[in-house]
Each structure stands twice: as C-alpha cells, then as structure tokens.
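Residue numbers (this note's numbering), protein chains in the order written: chain P, 1 to 487; chain V, 488 to 871.
If you are wondering where the hints come from, they were derived from the structure by calculation, not from laboratory data.
Honestly, I wouldn't trust all of these hints.
Straight-line distance between alpha carbons at most 25 Å, and here's what the computed DSS-like set of lysine-lysine pairs gives [claimed, not checked]:
id	chain 1	residue 1	chain 2	residue 2
1	V	K692	P	K10
2	P	K363	V	K793
3	V	K686	P	K65
4	V	K785	P	K303
From chain V, some residues computed to sit far from chain P (all C-beta separations above 10 Å) [what the hints assert, rightly or not]:
id	residue
5	Q750
6	L827
7	K865
Computed from a prediction, not measured in an experiment: that's the story for all the values here.
Glycine included, C-beta positions come from ideal geometry on N, C-alpha and C.
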Amino acid sequence: MSEIKHPSGKLVREDRMPHIFCPGCGIGGTISNIAEALLESGQDLDKFTVVSGIGCSGRAAGYFKLDGFHTTHGRPVAYATGQKLANPDLNVIVFSGDGDLTTIGGNHLIHAARRNMDLIVICINNFNYGMTGGQMGGTTPTLTKTTTCVYGNFETPFNVPLLMTACGANYVARWTSAHSHYIKKSFHEALEREGFRFIEVISACPINWGRRNKMRTGIDLVKFFLNQTVVKENPDPQDALIQMDTPILCGVFADEGRPGLLRSMHEVLSPKVKVEKFRGDGKIQVPETKEEEAPEIVSSPKKVEQVKIKLGGLGGQGIALLGLIMGRATCIFDGNEAVYSQEYGAEARGGASASSVIISSEKIDYPYIKVPDVMVLMAQAAFRKYKSEIQPGCTLFIDKDLVKPEDLPEDVKVYAVPATRMAEEVGRKVVANIVMLGFISALTDYISLDAVQSALKMSVPKGTEEFNLKAFQAGYEYGEKLKKEES
Amino acid sequence: MGKDVLTGVHFMSGNHACAEGAIAAGCRYYAGYPITPSNEIAERMSWRLPQVGGIYIQMEDEIASMAAIVGASWGGAKSMTATSGPGFSLMQENLGLAVMTEAPCVIVDVQRGAPSTGLPTLVAQADVMQARWGSHGDYATISISPSSPQECFDFMIKAFNLAETWRVPVVMLSDESIAHLSERVVIPEKKEIKTVFRKVATGPKEGFLPFKVGDDLVPEMPIAGSGYRVHVTGLTHDERGYPDLSHRMHEQLVPRLVNKIKQNAEKIIEYEEFMIDDAEVVLITFGVSTRICRAVVKRARMDGLKLGMLRLITVWPFPEKRVIELSNQVKALVTVEINLGQLALEVERVVKGRCETYLIPNAGGEVHDPEMVYARVKEIAQNS
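Just chain V, with the same shape it has in the complex:
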C-alpha cells in the first residue's frame, strides 16, 4: 500500500498538486474523461489511487463522469472529477443532481480559452459565471480558485472539506497557467492535515428522515447500503426524500438549498488582502491573475501610488460584505480577470455606485501583461 500523503518538499505542477491534494484530503474515487489542459490530474490519479486503495475509472464522457461521482458520493466515497470548459458544460446537468440530492463532490475546472473548442492549450478565466450558474435553476455552490501549485494542493483539501461540510459540489476554478506551472509544493505531515467527512446518519432507522435539517440546514447523510433504505431523487422532495411536486414544497426545498450556503457564507468565504489598509485604488482578482496583480501593486508602491489588492480565494459565494466595505473606503475598484467581464458584474452589482468600478479585461490565451495593467491602473488613479 502506498502513502496517501507524500510529506516533503516537491517541485510539482499545479495539476499534479491538485491530484496529491485530493488524495491527502481523502478522495478515493475519480471518474473523468480526457480533456486538455486537465489531463495530468487524471493521469496522476490513475497511477496514485490504486496505491491507496482508491478507484480510478475513465468514463465514456463528462456526463457519465459527473453522474458517476455523484453515485460514488452516495456510495460513501469522497469523489471528484477534473475537466475543462467543454467538459464542464457537459457536467452541468448532473452537477444539478448533486445540488438537489446534496451529494458532496469536487470538480476541478482547468479553465482554457473559450467559447466552444476555443484555445485548448491556453489560459482563460472565463468560466466564472458557468461555475455559478451553469446548471439550470436556482442553486448555490462553492467555487475556490488557486494561484500556485502549492495552493492547488492546499485548496483541494479545502474543496473537499467544504463539499463534505455543506454537502454541495465544490468547483475548483484552476486554469491552464497554474495547471502547467511547476513550483515548490510543501506537503505537510499527515497528522497536520485536517480533513472533514460528512455528517453520517447514525440514528434509528425506523422513521428516519434523510432530508430533515437542523440550524446549519445540512442534513445527515445515510450511506447507501447502511440499512436506512432511503429514497433519493432529483425531483422536488420532502424530508422523507419522497417526491412532492407542489409549489409549497418547492418553496421550502430550493430556498433551503440556497440558504445553506448564503446563511453560512461568512464561515465559507476566504480572501487575501495585499497593501489594502491605505489603498485608494484596489484591484479585485482571483486565480493566476493574483500573481500579476501582486506584481502590479508592488510596482505601484515603488512609485508611491496607493494601490492594493483583494484576491478572492472563494469566488463563490462572492465576498459581498468586504467589497461593500472597500467601496466606502477607496476611490476605485478595478477587476482584473482573464475574460471580458464576469466577476466585474458582481463587483458592480454590490458596489452600487459607491465608488468607481473598472474592468481590465483579457479575452484569454495569455495572462495579463503586468505593464499593461499598471499603465491602465495609473490612468484610473489619475482620473478618480
């Protein structure tokens, strides 16, 4: 039996670090379909999972992959898949099933240039809204975004813990750039890694209500085969799990599924701030663009320009509270993202004109040029 936590110092790509983070988090089931630029995750999982008693299976497409990880989740495993834009599109249907049946699982979306086949081997960050709204209907899930291979490792553990705690699919919004950069990855001792497993149903089997919740709005999960004999459906259902196709029941269920994230947002949301205390202009960013923005802030500070950065670790739920606070403090908020304005919409929605809002877009294919960003930021600082 191989080691599940490769404690030590490594020089590792973002994709490989995602795979090791998943295994360290306790993931023992991977189903996927090959797609660039996510393949190194599947390749490493196919090699590593058998060593730790886990299952790797390559499915016939991404629809099947997503269905299989939801099935595996109800089967009792921590499960995941990895993909990129086109595959992520195919997964949306069963991502909705995971939401409705509250199946914890993790989807790594290694973003690439889009729409359609787009730029298969080049970076983008244009799946922000797909991660939030890709499946049909109202729902709330969690998306987190790494900016380095080390964070790929660390955030996969975070992703599984969030998925298991809140019983939702968690999207790891990686991208081609981070996926293929190699850097130092320090893997801690196994005992230092905190992992979470879902609240498992242990009470009496007679009269058990699989979708009854307490204050945290998260029900206990009966693992398939443990004798509870539950019914689980993607239809609107009551506490027994039985279909109840009424307006009344829908008004209970869907708001509860959204509120378990909304109401607990403060416990879920994480962000990183850089040089923000006295900042007059703040860059809002996430993922690989964090690195570019950090370089720009350092450069601006050398010139005496009061620039700061708010970097979202949790992209969804969006840190509304913090952005509102900042909008009362600064002259301008500038969103930097490798798309034509997705997170920027959210910033504008929340800021409601309290300060200036700008976007520095990039259609994808390359990360932002720091010099271009700095030139634009200087203009903005002078005009606001």
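So here's chain P without its partners, still in its complex pose:
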C-alpha cells in the first residue's frame, strides 16, 4: 500500500486512506478536482481552509491536507462566515452536500448569498441523504425513489442555481461529477472573484440513489449525466430545475462582480470609523488617543438617606432622560449610589410609562420601588396609572397644566410647575423635562446642584447644552421663588 501515492498527495491526507466513499461515488473525484485546482493555483495553501457540515460530502474537510473543519449538520456556511470575517486573510472553502447546504442549512445558504459573504461553496448534489442510508431531501427529483419516498417523490426539488442567483450570489455554476475539467475551471474562476461563489456538482450516488432509480452503478450514472446534461453559455437559471426526463442544464449562471461583504463593510465603515485591518489574534494595537477628561468624583460625598423617586409621563416627554440625568449626577458627580430602571416592555409604547431612581449613600440592594418617597408626574394618564402608589408622606412634583391630582391621601406635599408652558417660552416644548429637573433641584437636596448641571451637560445632544441649561435655570428659579413664598 505504502508505495501507492495519490496524484494530489500534497493536498490529500494519505494517512486517512482508504476514504469512506462507496464505489462509483462522485465525491472523491470532485475532491481530487478541487485539490488539483488548488495545487495549480500557486497560492499559499496554508491560507486555505475547508469547512464541511455533516454527510458524505461533509467528510471532505477531513481529506484535504489543509486546515479542515468538520462542523455540525447544516451549519458550515455560518461557521465559515465566522472564520472568514475573523481572519480575512483566509480563503475559506465550504465543501458539503445538498441536504446539508440547501435543506437543513438552507437559511444560512440563502443569507450568505444575500450578504455576498466572501466564501467559495462547493455543493455536492447527489439527490439524497447518502450517509444515513438514502432518504429524500430538498433536492430529490420529483417521482424518483428514496428510502423515505418509496412510491416516488411527490415534492418539487429546489432549482439550486435559480435559488442562488435569486439570493444574489456573485458567481453560480453547475456541473456534474463527470465534468472534471469544468469543475476545475469554475474553481479557478471562483478563486479570482470575491463575494459568494457557488458551484453545484451533480454527483453520482449509485448505492443509495441510483440503485433505487434504475442506475445501479457509477458508470450508469456517469452515462446518465453525459447523456442528459446540456452545457450552455449564459444559461438561464429559470431552466435549471432537475427533472428526470428533461436535460440537466449546466454552465455558469451568474458572474456578477458585486463587491464581497468584506469590501462592502469597509466601504461603509471606513469613512465613519477608522477601521484598521483586523489581525485576528485578539491582540489589536489601539493607537493612543487624547484622553477625554474623566469626571472626578466628589471625594467625600454628602450623606443621603435612601430616597426612592418614581417618574411618570407619556412617551416623548423625556421621562427616561430625566431619571438618567439624576442617576448620572448622583453616581458620577456626587459619588453617591444610584440605581435607575425603566418600566420595560415593547407593548408599553404609546401609553403612560415610568422610570425609577433610587439614591443613597449606602449600597442599594433591592433595586425597585414599591412605595415611592417622591413622585414626578408629567401627564394625567400617568397620574391615573400610578395614583395607587402614592402613600402618605409622598412628595409629588407635577406639571401644573397637565396634571390635576384628585383624591390624594393625607400628608402628600404637592409642588406644581407649568413645566411644558415654560419650556415653550424658552423655545421648545421638548425641554419640559429639563424645566422639571431644575424645579426639583431647587426644592430638594439629595443631588447637588453642580452635579445635576454637569450630568445635564453630558446627557443632552452636543450643541444644545446652553439651551438646556436655560430651561433648567427657568425651572430652578421658579422653584426658588416658590420656596421663598412658602417660608
């Protein structure tokens, strides 16, 4: 045995011979064709990987003397997508079967074609699941027999070239395992292109498919392929459906030259972010950039008893931002603890919603509010929704024009400010939340004024800081005036 050498021995794992393929099977020959083409290409073969799924063709990854990855059933295209994007220097070839790629893996295949993922996919189509004993699949021709369609297949198979061209694959070709020369030629063409390149090889499976369809040997199938196929220039993929009594159309169905995903990614991203080439070793060199000054925490934060603040309003009133500014002010600038959470749910959009902030000098364990100490309400709908949570001792901050509190329990202090009206006077209704923030700041002392203003500046869009501070100031002054009147 040892003196018998494989003609493509440099690229085939001779220590794994004999291979598992049945006599007459087309897969081994196709592996040889690809191996020969790779050797002819003159490229650095260390940079080629083969990824396979499960099935007879799925074993291909184990016979190429390349980095080979034998993955899970249907997933080699997804796996290969990860490998190629993580390491763009690689040439990643997916070599797998029709059941693996088009049936269980159909979703990955169509999406890889759609995104024009930079992969070469070799799809061996032998019309059935050979490894498991010859069951039908998504490519079994109508009326032919397999172990799970013994009366003849009543389904219509995929027209694979049509599927791939429709999904946007850059390069789509079909040959049969009897067309060694064309397979190699197509592979060379694929190597010269980028994006998603797909080569379907209609392949002989005499043991499991041919035997049940009156073609018992490999020779029978090769004869069938040679008699039945028509090789055309620019064939129309619409005509590529495989039926037993019509010609099997072969050729190059698509050769588009669209940019591959990696190029598209770089073209979109590089004007916006400076993307350096991904090195793939997890050790990216990040050039030094000018450090933005990190805010300083107050060294001896002032003592604050735990205070639970619930904020309610309608979508668009900036209730979430209001809570977030309070949290940032407390945590980043005051050096105290704060937990912020939002009533969360896609279905909550549109109606009244709330967020909560808990402020304390101590670590906060339970992060939610059952009975708020302070409630800030910007809309009557929110008042209705959260009224039951208002308990004696609660302090209420409301928009004077938009909230009319009724039936409040005893001992609830209400502070009202026409926040929305004042925001309109400042120039824009959207800053009503910021007017409210200023108002609350004047009447409470659990967040320092400097902290709130610093947090406000970092939380609003660049260029609107002055405008927001003006709104804040208006609310603050309104609160100060109220405080004086009260005392």
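Model the placement of chain V on the given structure of chain P, informed by the hints.
Only chain V this time, still in chain P's reference frame:
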C-alpha cells in the same frame, strides 16, 4: 481608532456594561440575532466593535450566530454572542461543537420568563440547568452570574479569561433585571485589566498533535491559517484530530473534556460570602437574587437572627466543597432563585441530608419580594 477601554466612571446599564467588558477583554468578534432582553448588547457592539477594529455581524438566526462564533474562535478571534432563553435553546447544538472542538467563546444569556416565549421583557433565572445540560451528551462548561452592571463589566473579562484558559464556551448568566438596571460602572485603566489569550501552538508543524494535552488537560490551539494544517471535527477524535469512532477513544476524549473543568474546579470556582461565620441559616443564591438576599440578611441581623449568604459567582462548576462544609456548620441551607428549583437540586444532591434544605421559589416576572423571603426565612429558622 476608538478606545477599547473606556477608563472612567460611568452610569451604565448591565447590557452596555457587558459589551464594554467584552471589548476590554479583547473580544473582537460578535455574531448575534436580536432577542429581548439582550438587544442593548448587540446594539452597543455594532457601534463599538468597528471603532476598535473588530467585526460585528448580525446572523440569520441563533444557530448561525453560535456557529459563527465557533468559526471565529478557530479563526483566531476572541468571539461572543448574546441572547435570551429561546435563542439560547437554538444555540445548544453548536455550543456542543465548541465543547467538542475546544473553541473558547462567550455566550451571554440574558434570562427572561420561560418556557417558550414566556415573558420576553421580564426577569427569570430559569436557564440554570440549560446552561449546564442544554446540549446533548456529557460535557462540562463554565457559567458565571453577575448581580450588578459593575459585575457585568468585570465578569465579562472573567468570562473571556476562563474561556481562553480552559478552551470552553463560557455562559454569562445575566437576567432581564440586571440587564436593564443602570448603576455606577468604574472602568479601570487598560494596564490594570488582566486578559488571557489561549495557549497558541508555536512548535514544529511536522507531526504536530492538535489535541495532545499536558497536566492541565488543555491542548495548544493552532489558529486557522498558521500552517499546521489540522483537522478539527465534532466527531470523536484522536490526538491528531482525526475521527476515531471507537469506544476506546470515546472513553479517553469525553472524560478528558469533562475533567479539564472538574479537575481544575478549585481554580475556576469563585463565590462571595456575607455574614456567614456564625450563621445558623444560610441563603444560597446567585445573580440578581444576591441583592435581595443581601437585603434580607441585613434585615435579619437587625432582628438578631443569625442569617448568612453564600452567593455563587461561578454557578457551574458548582462549589460542592464549600456547600458540604456549610452543611456541616448550619441548621439549614435555603436556595433563593427565580425558578421553581434548579440550583436547589444541586444543593440537595451535595448536602445529602447533612442539614435541612429549603427552596424559596419564584416562577419569574419579578425579583423576589425581600419581605416575603424574610418571612419565609424566619419560619425556617424557627422550625430548624
């Protein structure tokens, strides 16, 4: 080029902190599929990764996402995905591939109410057993669980370091509550962050055995394209990586994959103890429930009740040794978790009746009410 470590003080949600922790840990590849309540991780990664030369790709489903991160891992990147229960179910197949081919990667599972679509926007901790046994066959991986946004940041670094050290998928068991709470997150200087990269194969290429191991049972990893020309398969394989579908080989490979975690468990396991020295009753918990249990312990101590807490940082492997020690010391161990009893099974298994064991369950949708837990704990303390 943007900064990879955003040194400074932030007010950040758990999900955003997970993303920043991953980037600080050196993650440069993210593949995922949108699912509530994990989306803010993907959103932030799609924004941040390009800034640091990394790749974000949104795949067609979670099966593809998991396959892609295993592929990226063998491609040489530190890779991750994030999901929630239904997506985590879909990932189990290729999580098994990561186990079998020893591909380091991190999966964040932001737990939500289940089974099925359940409560998409509300908290649960019911994927404990799925994190341990979700894929088919015998295997051992690592799961860690944060209880605050700060821990989301810190534990993502831990998760990547564990994945890279032991060459296993690591599950970050987050939950909807932690994911959406915002708190102070302090990100240290880059030089203070310790990151680990897998042992990379550097030896001679001729005759290289990609699955040969030393005492730590972890093989050197040849990065795809580095010239080793290895074969990697999800089939049972020998040291060469070649399929060997025999009982003999399976008896070598699978125990080795389990033992690399089991045998090194003491190096991997971390937990936190609170008021445990004189405790007569100890709460066992993890993740967001830690916060509730800490509040309950503080409250109990004010009343003179000797309550303590063992909080698991590493949920898997389970800290058997410590739980056995405690079972010899205390009257009762009480598991508090947002499910109907998953970790509690593990506690019972390990304790073997040495002390009383109880469960305070919660089907999910909200965290435990501390007052309810305290009332139940008082009852338990009186009866044991």
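How the hints compare with the structure:
For the suggested pair K692 of chain V and K10 of chain P, the alpha carbons sit about 15 Å apart, so the restraint of at most 25 Å is met. Restraint check for K363 of chain P and K793 of chain V: satisfied, since their Cα atoms lie roughly 21 Å apart, inside the 25 Å limit. Under the criterion of a C-alpha separation no larger than 25 Å, the hint pairing K686 of chain V with K65 of chain P is consistent with the structure, at around 23 Å. Between K785 of chain V and K303 of chain P, the direct Cα distance comes to roughly 20 Å. Compliance with the 25 Å bound is thereby established for this hinted pair.
Against the 10 Å criterion, Q750 of chain V stays outside the reach of chain P, whose nearest CB is about 26 Å from its own CB. Against chain P, the non-interface label of L827 of chain V holds: every CB pair exceeds 10 Å, the least being about 22 Å. With a minimum CB-CB distance of about 18 Å to chain P, K865 of chain V clears the 10 Å threshold, and the non-interface call stands.
Consistency note: the structure conflicts with none of the earlier hints.
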